[in-house]
Amino acid sequence: DTGRELPRSQSCGLEMLRRGGLILFCDYVCENLSDAEHMTWLIINHVSDLILLSQESPVQDFIGAIHRNSAASSLFVQAIHARG
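Residue numbers (the UniProt record's numbering): 1 to 84.
Derived by calculation from the structure, the hints in this document are not laboratory data.
Just so it is clear, the structure is predicted and the values come from calculations on it, not from any experiment.
Hints may contain errors.
[To be verified] Label-pair restraints from in silico Cβ distances:
{"id": "1", "residue 1": "N69", "residue 2": "C12", "range": "30 to 40 Å"}
{"id": "2", "residue 1": "C12", "residue 2": "Q78", "range": "27 to 37 Å"}
{"id": "3", "residue 1": "E37", "residue 2": "H67", "range": "15 to 25 Å"}
{"id": "4", "residue 1": "R4", "residue 2": "E37", "range": "28 to 38 Å"}
For glycine and all other residues, C-beta sits at the position ideal for the given N, C-alpha and C.
Construct all of the structure, not just a fragment, from the sequences and the given hints.
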């Protein structure tokens, strides 16, 4: 035990905050599609989260935007494949 474990309620709160942040970031990226760096970062580092949160409207919009861009769509498919 490293003493770093959070109480369950705090851990759940942090997870909800993390997911909410990702949903908001998807919305931001959709509003700024010319910023390929943010889109790429989100795809590469959070592909599993995007799949998990795919029922959320901003995430659906983000995935739709990905598929309208051939390079981003290819990166998305590669990231899904790489996760295993």
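Hints, verified against the model:
1. Taking the beta carbon of each, N69 and C12 are about 35 Å apart, inside 30 to 40 Å as hinted.
2. Between C12 and Q78 the Cβ separation comes to about 32 Å, which falls inside the hinted range of 27 to 37 Å.
3. Against the hinted window of 15 to 25 Å, the Cβ-Cβ separation of E37 and H67 comes to about 19 Å, which satisfies the hint.
4. Distance hint for R4 and E37: a CB-CB separation of about 32 Å, consistent with the stated range 28 to 38 Å.
Checked against the numbered hints given earlier, this structure breaks none of them.
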